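Each protein sequence line maps, in turn, to chains A and B.
Those letters in the first sequence? Residues 1158 to 1290, per this note's numbering, in order.
Those letters in the second sequence? Residues 32 to 175, per this note's numbering, in order.
Be careful, since some hints might not be right.
[To be verified] Reference excerpt, derived from the structure (chain B facing chain A, CB under 10 Å, subset only):
1. G48
2. A55
3. V56
4. L62
5. A63
Keep in mind the hints are simulated off the structure, nothing from the lab.
It should be emphasised that the depicted structure is a prediction, and the values quoted were computed from it without experimental measurement.
Think of the CB as a built atom: it goes at the ideal place given N, C-alpha and C, for glycine as much as any other residue.
Residues per chain are reported as follows:
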Amino acid sequence: MPGAGPEHACGRVTLVSLVVVWVVVAISLVTLLLGLLASARNRAPGQVELAAALLTGVAAIVQSLLAGFRLAGGAHPTELATTVGYLVGIAFVMPVGVAWALAERTRWSGAVLAVAAFTVAVMTARLRMLWGA
Amino acid sequence: MTPTTPAIARQRPLSSGPGRLLIAVYGIFALAATSRAGVQIATKWHEAPLAYTLSAFSAVVYIVATVALASSRPQARTVALVAVSIELIGVLLIGTFSVVAPGDFRHPTVWSLYGIGYGFVPLILPMIGLWWLRRTRGAASEPT
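Make the full structure from the sequences, and use the hints.
Below, the structure written as structure tokens:
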């Protein structure tokens, strides 16, 4: 796409955001796996699964806050409106997912956590694309 | 675990067991379609009014389906059935149109190319939805 991000973007910021992306994706994939395992073993999610889910939620919120600071500092991704939508939306996926999973604790709760975690991972990858390389 | 009282528990609740997973996925699509339509309409409405109207329509269908599936009201089942049916027709129609006349569908909606941008989940979701509505249907409404 012509006229994408500026080449003079600060290297340190890019490195930090890259690390954040990998941390969020890694934690959410762990949660995805734990949720699926719990579901496959016909168990309601226990403390480990919930801790992973909460950690995923916190990581996503931290990511949104850091990206928010970057936007406030004058960074401009290709599609600003879409980026802001993702940054706001992703912050709510895990909290709502955990609440929905815990309202009825069955084997399906783990699957709900897995779906929420997968969504966080996909949205994070998509955000990364929106910011450009 | 749950004690079943056949006289009362004729219809299994939609939002129980695997239904919760289904509703979670519906919720995500409601979120995705709504944000997508919102951004499209807010930032580039003039480029493709028809495509973005369809985008907004799909968002409304997902929201209604999510709320109806999660609701415990007696009428909710009918609303869910209508919403999920429209969803299936929508993804089949838009999917087919976007294959046959790609030029008219350069501005993608969730349902373009049968939901290829979302791993074809938009195509499979209404089928699972209809199956779930059928499976949880009470013995009372069973055709004999």
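Outcome of the hint check:
no., hint, result
1, G48, "holds (6 Å)"
2, A55, "holds (5 Å)"
3, V56, "holds (6 Å)"
4, L62, "holds (6 Å)"
5, A63, "holds (8 Å)"
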